[in-house]
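Here is how the chains run, residue by residue.
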Amino acid sequence: MITVRVPSPLRSYTAGAARVNASGGTVAELLGDLDRNHPGMRFRMIDEQERIRPHIRIFINQREVRALSEALSATDEVHLICALSGG
Amino acid sequence: MASTLWIGTRKGLFSLRPDARRRSWRLSGPQMLGHIIHHVVQDPREPRRLLLAAKTGHLGPTVYTSIDRGRHWLEAKTPPAFRKVAEGEKPRAVERVFWLTPGHPSEAGVWYAGSAPAGLFRSADHGVHWQPVAGFNDHPMNPKWAAGLSTPDGELLHSVRVDPRDARHLYLAISIGGVFESTDGGADWAPLNEGVAADFLPNPDVPYGHDPHCVILHPQQPDRLYQQNHCGSYRLDRPARRWVRIGEHMPKNIGDVGFPIVAHPRDPDTVWVFPMDGSKVWPRTAIDGKPAVYRSRNAGSSWRRLATGLPRTQAWFTVLRQAMCTDAAPRLGLYFGTTQGEVWASTDEGESWRCVARHLPEIYSLTHAS
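As given, the protein sequences belong to chains A and B, one line each in that order. Residue numbering for the first sequence follows my numbering, beginning at 1 and increasing consecutively. Residue numbering for the second sequence follows my numbering, beginning at 1001 and increasing consecutively.
The following block holds chain B by itself, in its conformation from the complex (with noise of 0.2 Å):
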């Protein structure tokens, strides 16, 4: 099976393409070098588009798209961009393009994409043209949802999932702001927070405001949501809207904090996580220098530790949230790339690694394209 794995960096974008028994890999590129490169996706329904979220360090946001499996980029014609404002609005301006997702399968050519500051935006021709979803950018409650609370890297839209049942059904989570849903196609949107910690408010209990790291849903089980937050590892169970702390079974040295969370495509219970550390001044690198990922072979109800192959100690770099994904091979390929620039390779579902790239800019995206 073609298999490649695009490496987003904040310095351009790599790929590795690995031998038949993914034993070797060929690491290409740099393609855009010095272009900051936050996600590289895969049109599943149809395999040879890509889409690429790219800014530069002087230049604006902008999109760039490839029809032949990313040997060559166009840049969109309409960026995604807010609505201009009337006179007496704030102001919005995306400052990066962070997510991209591809639209249901029943609808070709859609893509959504999330940015800095926090704002949706839908394309209907393959990432060409991109317009504002005015239900969530504009929503009444909106200025409330997306405060401002800035991650380092901005307030960040990112998660955006479409219910593979229904492709009026959708997700999406700020960083930081929540998760919030949609049952219209994004014309309206509601908190879905309930349940998740928020212990860096002065008052934790609150509907939205939350911080969540990555959101997912199982593609075969679309009911089944993981999320990983800045306060802790959660599952949820739709219809249910109460988040449960999956996180807890975690050892207590460990903890549950982290950036990714990837679910295995056959199985819904089974989930992988890389935790960070989260104490004191937050570190966020490898716990104690200690490289190490957590698999769940039961929806969180336990955890092992797999870091055979990972360096033993003083390793210090940590794993972004897009950047930790799974292949499609019935041997499953696991991998994750570093904020020092490394990619680790497993295909034992965790149990051992090798690092497959390394010396690379530091990694903000590694997606899996077949």
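The shape of chain A in the complex, shown without the other chains (with noise of 0.2 Å):
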């Protein structure tokens, strides 16, 4: 299983837990497979047209994913990052 860190807009998905469990070979995948256990969560994520929405970003340890096809492997680290500022 690969850990994902939640960001707190995102926590309501997970009953207010900053860090879960998911599975997956790609980026696609674990977002598939956390959308399963948390409904609705990848939506407010990623857009109808499989986009990374403008103000989210998705590091795999410590990179930044470019596209949802990006490979994962059991021990990575994956960060969900609300990226915004302005009042």
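Because the hints were derived from the structure by calculation, they are not lab data. Here the structure is a predicted model, which means the values were calculated and not measured. The beta-carbon is built from N, C-alpha and C at its ideal position, and this holds for glycine as well. Each hint should be verified, as a subset may be incorrect.
As the list claims (entries may be wrong) - Quick list of simulated restraints, FRET-style, between CB atoms:
{"hint": "1", "chain 1": "A", "residue 1": "Gly32", "chain 2": "B", "residue 2": "Arg1305", "range": "52 to 60 Å"}
{"hint": "2", "chain 1": "B", "residue 1": "Ile1067", "chain 2": "A", "residue 2": "Leu84", "range": "56 to 64 Å"}
{"hint": "3", "chain 1": "A", "residue 1": "Glu70", "chain 2": "B", "residue 2": "Ala1086", "range": "22 to 30 Å"}
{"hint": "4", "chain 1": "B", "residue 1": "Glu1362", "chain 2": "A", "residue 2": "Phe59", "range": "48 to 56 Å"}
To be verified - Heads up, simulated EDC-like pairs for lysine to aspartate or glutamate below, C-alpha to C-alpha not over 20 Å straight-line:
{"hint": "5", "chain 1": "B", "residue 1": "Lys1090", "chain 2": "A", "residue 2": "Glu50"}
{"hint": "6", "chain 1": "B", "residue 1": "Lys1290", "chain 2": "B", "residue 2": "Glu1362"}
{"hint": "7", "chain 1": "B", "residue 1": "Lys1077", "chain 2": "A", "residue 2": "Asp33"}
{"hint": "8", "chain 1": "B", "residue 1": "Lys1077", "chain 2": "B", "residue 2": "Asp1125"}
{"hint": "9", "chain 1": "B", "residue 1": "Lys1084", "chain 2": "A", "residue 2": "Glu48"}
{"hint": "10", "chain 1": "B", "residue 1": "Lys1077", "chain 2": "A", "residue 2": "Glu48"}
{"hint": "11", "chain 1": "B", "residue 1": "Lys1084", "chain 2": "A", "residue 2": "Glu50"}
{"hint": "12", "chain 1": "B", "residue 1": "Lys1144", "chain 2": "B", "residue 2": "Asp1205"}
{"hint": "13", "chain 1": "B", "residue 1": "Lys1090", "chain 2": "A", "residue 2": "Glu48"}
{"hint": "14", "chain 1": "B", "residue 1": "Lys1084", "chain 2": "A", "residue 2": "Glu29"}
{"hint": "15", "chain 1": "B", "residue 1": "Lys1077", "chain 2": "A", "residue 2": "Asp35"}
{"hint": "16", "chain 1": "B", "residue 1": "Lys1084", "chain 2": "A", "residue 2": "Asp35"}
{"hint": "17", "chain 1": "B", "residue 1": "Lys1290", "chain 2": "B", "residue 2": "Glu1351"}
{"hint": "18", "chain 1": "B", "residue 1": "Lys1252", "chain 2": "B", "residue 2": "Glu1194"}
{"hint": "19", "chain 1": "B", "residue 1": "Lys1144", "chain 2": "B", "residue 2": "Glu1194"}
{"hint": "20", "chain 1": "B", "residue 1": "Lys1011", "chain 2": "B", "residue 2": "Asp1153"}
{"hint": "21", "chain 1": "B", "residue 1": "Lys1290", "chain 2": "B", "residue 2": "Glu1342"}
{"hint": "22", "chain 1": "B", "residue 1": "Lys1077", "chain 2": "A", "residue 2": "Glu50"}
Once you've looked at the hints, go ahead and assemble the two chains, each given alone in its own frame, into the complex.
Given below as structure tokens:
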């Protein structure tokens, strides 16, 4: 299982958990597994054209993900980041 | 009569409930603190149900439903979304759900939603699952009708109106794009903009490309439409197709630019607007810092300024298109919410005003629920 770190705006989907486990060989599969276990979570991050939303960033360990097809290994840690500024 | 004003703001959801005489108002909330609430609408067919259009700064757009008059909210299982495009097609994704309209009384559970960028969506199960309305979103003319001329909040599809005599007769509006009509339940659409100015376009005499800010249909006289446009206030009495500019009867120093237009629920000839400054660089504030509501009792042939109780000077708010409403009381209440987070109330049809809430976030939507 892969550890996923969940930012506070998405914790309403994880019953408040800041860290959850999910499985998948790619980022897309991982997000699918997350959505099965935490319904609705994926669409808040990924739009209907399979693009990462403008104020969401996804990191595999220390590296930012550019495509949902990127591969994952069981030892990876995925960070979901909310990136926004302004009042 | 139980009564609630739902206040959708840039930072969450609030509500106001009056005492029996509407003298004292109790503010509740926030619910969903930090969420951007564009519209909150009660289902007149089943008043315990409410729908709410929301997003946050970070997260994508969605809809919430309540079955207990707004005490608890559940997120839609399939929020409004465009169909996934084929390779080579221009991708569209909903950035915000901007507008909600209950369907026809004969169609329990049906709702419509409008989005930015301009998209029309339909739910048949009280807002839990949404599907794109292909007849509009994929209409061959859609790329021209919704050409991507955005407002600061995006290209907004709003003012979805359902003819109470015919569930298949629909209107909608796009800022910027114009007003459109369907007579077959949304399978096909046609522009309905004759007579409306579009003086921001190189060729103002166009069939679409206008900027309607708010379009209403009178529930008791559904052939009577009013429109507050970027370029003036209009009335249309169907089956005519040419809008009449009723804003020409406004004082010249005030003009007829604004966002909302509200009709008396029992008198199709009575209508209120909140003019804003559309001069020079378009400040979009109360004109000269002196906010006023204007009312017509004769379908726009003449207007009267109503400002008693409102700030007399140095008040620079405006009122957005979803932020002015009436209640349903025999002695009609009229309300507006401001971009500076105040709610103003009148129980004499606009003759006098009282501020009943202040210091809220910027108000996007003010709606009445019975």
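Cross-check of the supplied hints:
no. : hint                              : result
1   : A:Gly32 <-> B:Arg1305: 52 to 60 Å : 59 Å, holds
2   : B:Ile1067 <-> A:Leu84: 56 to 64 Å : 32 Å, violated
3   : A:Glu70 <-> B:Ala1086: 22 to 30 Å : 24 Å, holds
4   : B:Glu1362 <-> A:Phe59: 48 to 56 Å : 33 Å, violated
5   : B:Lys1090 <-> A:Glu50             : 13 Å, holds
6   : B:Lys1290 <-> B:Glu1362           : 19 Å, holds
7   : B:Lys1077 <-> A:Asp33             : 16 Å, holds
8   : B:Lys1077 <-> B:Asp1125           : 11 Å, holds
9   : B:Lys1084 <-> A:Glu48             : 6 Å, holds
10  : B:Lys1077 <-> A:Glu48             : 14 Å, holds
11  : B:Lys1084 <-> A:Glu50             : 8 Å, holds
12  : B:Lys1144 <-> B:Asp1205           : 15 Å, holds
13  : B:Lys1090 <-> A:Glu48             : 13 Å, holds
14  : B:Lys1084 <-> A:Glu29             : 18 Å, holds
15  : B:Lys1077 <-> A:Asp35             : 11 Å, holds
16  : B:Lys1084 <-> A:Asp35             : 18 Å, holds
17  : B:Lys1290 <-> B:Glu1351           : 16 Å, holds
18  : B:Lys1252 <-> B:Glu1194           : 23 Å, violated
19  : B:Lys1144 <-> B:Glu1194           : 17 Å, holds
20  : B:Lys1011 <-> B:Asp1153           : 15 Å, holds
21  : B:Lys1290 <-> B:Glu1342           : 15 Å, holds
22  : B:Lys1077 <-> A:Glu50             : 18 Å, holds
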